[in-house]
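A.B. asks: These protein sequences, in sequence, are chains H and C.
Under my numbering, think of the first position of the first sequence as 862, with each following residue one higher.
Under my numbering, think of the first position of the second sequence as 862, with each following residue one higher.
It is possible that part of the hints are untrue.
Since the list gives no way to pick one copy over another, a pair counts as held whenever it fits inside one copy or between any two copies.
[Said to hold, decoys possible] With a straight-line Cα cutoff of 35 Å, these simulated DSBU-like cross-link-like pairs (lysine-lysine) come out: (1) K1001 with K1162; (2) K1162 with K978; (3) K868 with K978; (4) K1001 with K896; (5) K1196 with K1162; (6) K1001 with K867; (7) K1338 with K867; (8) K1338 with K1162; (9) K1338 with K896; (10) K868 with K1196; (11) K978 with K1163; (12) K867 with K896; (13) K1163 with K1001; (14) K978 with K1196; (15) K1196 with K1037.
Simulated from the structure, these hints should not be mistaken for lab results.
Bear in mind that the values here come from a model prediction, so they are computed numbers and not experimental data.
Number of protein chains: 2
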Amino acid sequence: SKEVWKKGGRMFSILLAVHLALLACTLVSSGAFEKIAVHDYDVFFLLTVMMLIVIIWIIFYLVGTSRCPDAILCKDSHAGPIWLRGGLILFAIFSLVMDVFKIGYYSSFYSCLSAIKIIYPIVQAIFVAVQTYFLWISAKDCVHVHLNVTRCGLMLTLTTNLAVWMSAVTDESVHKAHSKLKKNVTEEIFRWLLKAGMRSNSAEECNCNSQICQIFKNGYFWLYPFNIEYSLFASAMVYVMWKNVGRFIDHQSHHVHRLKFRLFRRTFFVGIVLGLIILVSGLGVLILYEVQVNSSTEYSKKSQALSMYYIFNIVCLGLMSLVCIGGSVIYRFDKRDMDRHKNPTRTLDVALLMGAALGQYAISYYSIVAIVASTPRDAISALNLTYALLMIAQHTFQNIFIIEGLHRQPPKEDHKHDSHQKDLYGLTFVNINAVSLRVPDSGSTLAPGTASGAEPIHPSELVRSLTTPKKMNWRRKFLREISMFLLLSNIILWIMPAFGARPQFDNDTELNFYGDSMWPAIVDICLPFGIFYRMHAVASLLEVYIMS
Amino acid sequence: SKEVWKKGGRMFSILLAVHLALLACTLVSSGAFEKIAVHDYDVFFLLTVMMLIVIIWIIFYLVGTSRCPDAILCKDSHAGPIWLRGGLILFAIFSLVMDVFKIGYYSSFYSCLSAIKIIYPIVQAIFVAVQTYFLWISAKDCVHVHLNVTRCGLMLTLTTNLAVWMSAVTDESVHKAHSKLKKNVTEEIFRWLLKAGMRSNSAEECNCNSQICQIFKNGYFWLYPFNIEYSLFASAMVYVMWKNVGRFIDHQSHHVHRLKFRLFRRTFFVGIVLGLIILVSGLGVLILYEVQVNSSTEYSKKSQALSMYYIFNIVCLGLMSLVCIGGSVIYRFDKRDMDRHKNPTRTLDVALLMGAALGQYAISYYSIVAIVASTPRDAISALNLTYALLMIAQHTFQNIFIIEGLHRQPPKEDHKHDSHQKDLYGLTFVNINAVSLRVPDSGSTLAPGTASGAEPIHPSELVRSLTTPKKMNWRRKFLREISMFLLLSNIILWIMPAFGARPQFDNDTELNFYGDSMWPAIVDICLPFGIFYRMHAVASLLEVYIMS
């Protein structure tokens, strides 16, 4: 084989990514503090250079693979499913709009800014367009030429996306902190901070006073969540492409189930209706909360808004937890085989779900410790404690439900009417004697290490799975209702923090307990992962819905 | 097979570990700050409870597996090699001594402390003794009974070790910060801090004034590094045991090479001699540095000590980098096959090396940014910059060298005089026709997923590896020299930060650039990983030495 040692080939690209990511992380985190002599244009300069290199590499890749017929010998059918690519395009469009707003905003006071602040959104717009096209057409590729160059290029793309994500998240947190500051502290400090962000001394000229400039500014901050999600979606797809470089897929063993998205067939509509109710009422709660918390300085109004927010979330999370437990119970009675095929996309999905949940877990644990240890315990504290506990429970149960769902074999329904079209692999399984004879034989002759990787499947189980009765339809219907309800609930739980609800700061308990520097640091680092979790759960739940 | 879906079985234990680890992390990080109303005895209480549960579980495990003959069907020969277990026992002994010192220290002012402060070291001593015995006899086990209970128990053990590690690292950082504070700021603040740490108000009675109490206190802080390493070593071994739960090892394909530790055979002694010179001069530099930096308040003396420290490190890191590059070049000409067998121990080793290096990388990158952006550039800054750059280079080259070394097949030397004793697997490979016929055959009959996992090895490569000339001995000698030199150099680079050298704080550049809260946070979080990297590199280099 051409590639002697895959790990070694990957090592160099990993090292490249690690170093670039650390450099970007250092600059971004230093640039976030006004006191530190690293400015945001340093960060923008690095990001612009990285994006330009990625654009050039993508063009070379597209030209190179289209010319060379041996470049892509096989495609990974699991990679880049249509809903992920669709979501990517949706977020890409919003990102482009955001870039237009940003260009408009910065060109309002062009004279007193460094040029990089305008070049950055322009380059970013090109980057988003090129990368979206690239991922749309080559997300499934298993590349077999220039392995090392392709790996490095993909890792560079991944790192660039992560760096853009870090920069956007930091930018948004700083902006949030400023707008909080604007209300609480005197105007003077705010002006000083704004001035420190600019290079010129003529502060008057460089303020965003015109109507259109304000619209641009507010517009691009409202569109930030979409750009943040775009970077993460693109990162996930690029990572899967990187895992697939140099991979050979055995087409015989790789039976593709062309599942179709059948939204309005065989459902009771209960899940959708309940989910839509939650979604709409959640939007109402969010708007009320934002208005009440931001406009009024009265304590009673604020605590009323907080109570409303917590109660809605407690109801929503409680329902979702119950539904997830119900789904897991249904899986206990589900006799479908577990799917053990190698599938980098799914492995990544599971890792991201588990990893991103850590962000919300951490916030909740810190909240719980603060509430338990603080002495004045009022109704808000009790609500906050319940909210934190339910948050942990809901993430845990939902992860279990999604992971179990992703690992099921797709339904065997269609094998009744086209069982004669089943591939060779299916036929081997029907012949029980052949299976029981072949498995130990191949296990001893193959290269070592594979025997423990793929445990031989016991024949009796296979027979059971082939002879299961068809009356389990109600289970699948329930699973669909459940996943549709969870999907819609996760969308509203994504919208709330992504569009600015921060009960973590509006409630004083944790701020007083941990102090003004530690608690914002915890929330600002962990919340982006929590927000990403919601969006990623939506994508995974859509997959569970389609598979069940 | 008994276990339908391994991932599902693992999921529950992972969730348990994640929640416990986050709870411990929350309490430990909150307990580190004087301002936050979480006290160290809250942390000690949690840790004591966790350790007691683990002790009980270990006793049950040992009784259970000794009674049930089917419990351990096979052993993983790669897990728990003798030098890792030897190192564990060494660190365990030092940890026990530390616990004795701690008990002595706290019993000096028993009256004004909560009881948990004395119970904690007692329980920890029992925990260390029981766990070391447990790991000594069962590190290689592949358990096949009570899979889920064993997984949860192992994850609990792992989490407890990590929590103890976190607590020890935090405790040490706080102590270091206090002893720095003692010199710089007035005595008053220090007393206030000490008082805040105690519960009673009678500060006079509770001070550590007696001679013996001071000895105990200094003793246990000097022994902290060993306890920290003990927790990490134990965690690594427990993790491998957890990976091996329910694993079946194919004994035919699993050829165990009983490698012996031959220290004084076939070496030129150059590596050892050079390494020992570095080690001894490093110890001298460390002592001189500590004395000069801690005793004198003069700026010139301090900068002299810093220069000496940086120059020694630059020489040492430069030499190590060159040697690593040389080793990697030698590997390029090495015709030994890459070892692709499944080996959880090695996978963990590689992941830990890459992951732990991130700590030092982060510190170096933050240093570089600070030095480049700061304006007054003197000789110390130049040395610091060189030091940071070389640190990054050395970690990178050393990781490449170690990872390549770990993935080589053990030498084929002994197959000359006992080729007739080779196992079945070796014989299959000699018969080239058999190989070329069998590989495609078994690839198509096996369960899917294995085909892409284990790529068929091309026959011509096998023949080449079997017919390589024996004259490559000089290469192996060089590799041995290199790994022995690197091993000794890593020991001194472990000793320096582990026993208190903190040029990151003695040099003002970064402190002034990032401020008094951000730079200590960066160093205190990242340096423990950097220190662990050195110790882990020593263990891995010993393995490379023995294998080459």
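A.B. asks: For K1001 vs K867, is the C-alpha pair at or below 35 Å within one copy, between two copies, both, or neither?
C.D. replies: both (19 Å within a copy, 28 Å between copies)
A.B. asks: Given a CA cutoff of 35 Å, do K1338 and K1162 count as a within-copy pair, a between-copy pair, both, or neither?
C.D. replies: neither (44 Å within a copy, 78 Å between copies)
A.B. asks: Can you give me the call for K978 and K1196, within, between, both or neither, at a CA distance of at most 35 Å?
C.D. replies: Neither: 58 Å inside a copy, 53 Å across copies.
A.B. asks: Since the copies are identical, ignore which copy is meant and state whether K1338 and K867 lie within 35 Å (CA to CA) inside a copy, between copies, both or neither.
C.D. replies: Close across copies (27 Å), not inside one copy (43 Å); limit 35 Å.
A.B. asks: Is it within a copy, between copies, both, or neither that the alpha carbon of K1163 lies no farther than 35 Å from that of K1001?
C.D. replies: neither (50 Å within a copy, 59 Å between copies)
A.B. asks: Treating 35 Å as the Cα threshold, decide for K1162 and K978: within, between, both or neither.
C.D. replies: neither (40 Å within a copy, 46 Å between copies)
A.B. asks: From the Cα coordinates, with 35 Å as the cut-off, is the pair K1196 and K1162 best called within, between, both, or neither?
C.D. replies: Classified as neither: same-chain Cα gap 53 Å, cross-chain 75 Å, threshold 35 Å.
A.B. asks: What label fits K1338 with K896 when the C-alpha limit is 35 Å: within, between, both, or neither?
C.D. replies: neither (57 Å within a copy, 54 Å between copies)
A.B. asks: How do K868 and K1196 come out at 35 Å by Cα distance, when the copy is not named: within, between, both, or neither?
C.D. replies: between (37 Å within a copy, 17 Å between copies)
A.B. asks: Since the copies are identical, ignore which copy is meant and state whether K1196 and K1037 lie within 35 Å (CA to CA) inside a copy, between copies, both or neither.
C.D. replies: neither (50 Å within a copy, 58 Å between copies)
A.B. asks: Evaluate K1001 and K896 at a C-alpha cut-off of 35 Å and name the case that applies: within, between, both or neither.
C.D. replies: For K1001 and K896, neither the intra-copy (46 Å) nor the inter-copy (53 Å) Cα distance is at most 35 Å.
A.B. asks: Please work out whether the CA atoms of K978 and K1163 approach to 35 Å or closer within one copy, between two copies, in both situations, or in neither?
C.D. replies: neither (37 Å within a copy, 43 Å between copies)
The structure is inconsistent with the numbered hints 1, 2, 3, 4, 5, 8, 9, 11, 12, 13, 14, 15, although it conforms to all the rest.
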